[in-house]
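Kindly produce the complete structure, drawing on both the sequences and the hints.
Just so you know, we're using the UniProt record's numbering here: the sequence shown kicks off at 1 and counts up by one.
Please keep in mind that the hints were generated in silico from the structure rather than gathered at the bench.
Just so you know, not all the hints are guaranteed correct.
Claimed, not checked - List of simulated lysine to any residue pairs, SDA-like, C-alpha gap at most 25 Å: (1) 96 / 190; (2) 96 / 64; (3) 21 / 86; (4) 182 / 12; (5) 21 / 118; (6) 182 / 140; (7) 182 / 47; (8) 323 / 296; (9) 77 / 62; (10) 96 / 194; (11) 21 / 181; (12) 98 / 293; (13) 174 / 202; (14) 77 / 118; (15) 98 / 112; (16) 98 / 198; (17) 77 / 116; (18) 21 / 120; (19) 174 / 118; (20) 297 / 341; (21) 323 / 336; (22) 185 / 33; (23) 323 / 285; (24) 96 / 84; (25) 77 / 183; (26) 182 / 75; (27) 323 / 289; (28) 185 / 297; (29) 96 / 62; (30) 185 / 48; (31) 297 / 91; (32) 297 / 320; (33) 323 / 337; (34) 174 / 16; (35) 182 / 82; (36) 174 / 66; (37) 77 / 98; (38) 77 / 114; (39) 297 / 248.
These figures come from a predicted structure and were not determined experimentally.
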Amino acid sequence: MSDDNSPISAREARRLFADFKTAPALVLAVSGGPDSVALMWLAARWQRSLARGPRLLVVTVDHGLRPEAAREAREVKRQAAALGLTHRTLRWRGAKPKTGLPAAAREARYRLLAQAACAAGASHVLTAHTRDDQAETLLMRLLRGSGIAGLSAMARLAERDGIVLARPLLDVPKSQLVATLKRAKLGFADDPTNRDTAFTRPRLRALLPQLATEGGDIRNLARLAARLARANAAVEVLADGAERFLRLRDRGDAPHDLGGRSFEAAGFAALPEEVRLRLLLRAINALGHEGPAELGKVESLLAALDQAIAGARTATKGRPALKQTLAGALISLAGGRIHVAPAPARRRKERIRKADAGGS
Numbered sequence: 001m002s003d004d005n006s007p008i009s010a011r012e013a014r015r016l017f018a019d020f021k022t023a024p025a026l027v028l029a030v031s032g033g034p035d036s037v038a039l040m041w042l043a044a045r046w047q048r049s050l051a052r053g054p055r056l057l058v059v060t061v062d063h064g065l066r067p068e069a070a071r072e073a074r075e076v077k078r079q080a081a082a083l084g085l086t087h088r089t090l091r092w093r094g095a096k097p098k099t100g101l102p103a104a105a106r107e108a109r110y111r112l113l114a115q116a117a118c119a120a121g122a123s124h125v126l127t128a129h130t131r132d133d134q135a136e137t138l139l140m141r142l143l144r145g146s147g148i149a150g151l152s153a154m155a156r157l158a159e160r161d162g163i164v165l166a167r168p169l170l171d172v173p174k175s176q177l178v179a180t181l182k183r184a185k186l187g188f189a190d191d192p193t194n195r196d197t198a199f200t201r202p203r204l205r206a207l208l209p210q211l212a213t214e215g216g217d218i219r220n221l222a223r224l225a226a227r228l229a230r231a232n233a234a235v236e237v238l239a240d241g242a243e244r245f246l247r248l249r250d251r252g253d254a255p256h257d258l259g260g261r262s263f264e265a266a267g268f269a270a271l272p273e274e275v276r277l278r279l280l281l282r283a284i285n286a287l288g289h290e291g292p293a294e295l296g297k298v299e300s301l302l303a304a305l306d307q308a309i310a311g312a313r314t315a316t317k318g319r320p321a322l323k324q325t326l327a328g329a330l331i332s333l334a335g336g337r338i339h340v341a342p343a344p345a346r347r348r349k350e351r352i353r354k355a356d357a358g359g360s
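Now the structure itself:
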């Protein structure tokens with residue numbers, strides 16, 4: 001295994017891209033920075049080494065946020081052509097939000113990349129996220145109080161809009177990619193927003209040297225993310241088993257929730273807390289219509305649900321022991337069962353309320 005400052009060899013590149021050699025086509029997300037230019041160069045070299053490799057399409061997303069972006073996209077196009085690759089520039093059009101800009105830009109980028117992949121018949125979109133990115137993502141989510149799933153940071157493979165998002169360089173340090181480009185004598189763009197302390201990621205990046213002196217270097221942080229991903233996968237298996245367990249307890253005579261999900265309350269209460277959280281999250285996110293539920297709010301709901309289950313014997317007969325909405329889902333406890341169903345849309349409820357008020 002090479003050190004963190006040595007170029008990536010042809011043999012290592014074959015290992016990095018081995019899982020994609022039977023794909024019909026691949027989209028390479030290339031912004032022009034060092035990581036993505038290295039991805040493009042390594043993928044092109046790997047493809048040439050195959051007797052019959054996948055078609056490669058290089059895609060650059062211009063977010064329209066910096067005047068230099070158009071010039072950088074043209075440079076990527078020139079580099080792609082020199083490698084014999086097809087290139088497309090996609091633009092994020094329309095109004096840009098005044099807050100949450102990095103997250104909105106990221107969503108737009110992935111949406112455009114997925115659209116390009118579908119149009120090209122590609123099975124995967126490859127991005128150039130590195131070990132450094134993984135460490136920074138872990139820190140960001142740690143400081144935001146994420147749960148195990150969030151602290152797993154970025155997955156090597158993830159499905160998005162019907163396309164597999166792949167990160168083949170996730171175990172590779174950025175320094176190795178820069179060394180690879182230097183040996184290949186390839187230039188790359190320098191995005192000043194990567195150092196703009198108005199954003200969270202650059203501020204945390206500036207702290208990494210200090211963390212490294214205490215043992216919190218990039219390698220150890222990425223290793224922690226991998227271990228948490230392993231634990232998260234185990235909890236997901238337990239949650240799958242718990243769902244099957246609750247269905248078996250129903251024995252086929254449980255009331256059918258049309259358009260919803262239902263759990264036998266006593267069996268649900270016997271499960272570990274983390275598993276119960278997963279089951280609620282799954283149900284709310286599947287049936288709600290207001291986006292993913294916040295973990296903290298689901299934790300509060302679970303606490304209220306546990307209390308309601310414990311006091312259900314003293315509840316008024318025929319009335320729900322608990323009934324509340326979260327993320328567009330309606331959660332209730334009644335008749336010894338937990339029910340999760342889509343909540344009435346707020347706009348519709350508001351129109352009904354206004355109509356009732358006008359008619360009174």
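Hinted pair residue 21 and residue 120, Cα distance within 25 Å: Holds, at roughly 17 Å.
Straight-line Cα separation of residue 323 and residue 285 no greater than 25 Å? Between residue 323 and residue 285 the Cα gap is close to 17 Å, so the pair holds against 25 Å.
Pair hint residue 297 and residue 248, alpha-carbon separation not exceeding 25 Å: violated, 29 Å
Holds or violated: residue 182 and residue 12, Cα atoms, limit 25 Å. holds, 17 Å
Holds or violated: residue 185 and residue 48, Cα atoms, limit 25 Å. holds, 19 Å
Taking 25 Å as the top limit, are the C-alpha atoms of residue 98 and residue 198 close enough? Holds: residue 98 and residue 198 sit about 13 Å apart, inside 25 Å.
Do the alpha carbons of residue 98 and residue 293 lie within 25 Å of each other, as the hint requires? holds, 23 Å
Holds or violated: are the alpha carbons of residue 174 and residue 118 at most 25 Å from each other? violated, 29 Å
Between residue 174 and residue 202, is the straight-line Cα distance small enough, at 25 Å or below? holds, 15 Å
Keeping to a limit of 25 Å between CA atoms, is the pair of residue 323 and residue 337 held or broken? The given pair, whose Cα atoms are some 12 Å apart, holds under the 25 Å limit.
Holds or violated: are the alpha carbons of residue 182 and residue 140 at most 25 Å from each other? violated, 30 Å
Residue 96 and residue 62: Cα distance at most 25 Å? Holds, at about 13 Å.
The earlier numbered hints that this structure contradicts are 6, 19, 24, 28, 31, 37 and 39.
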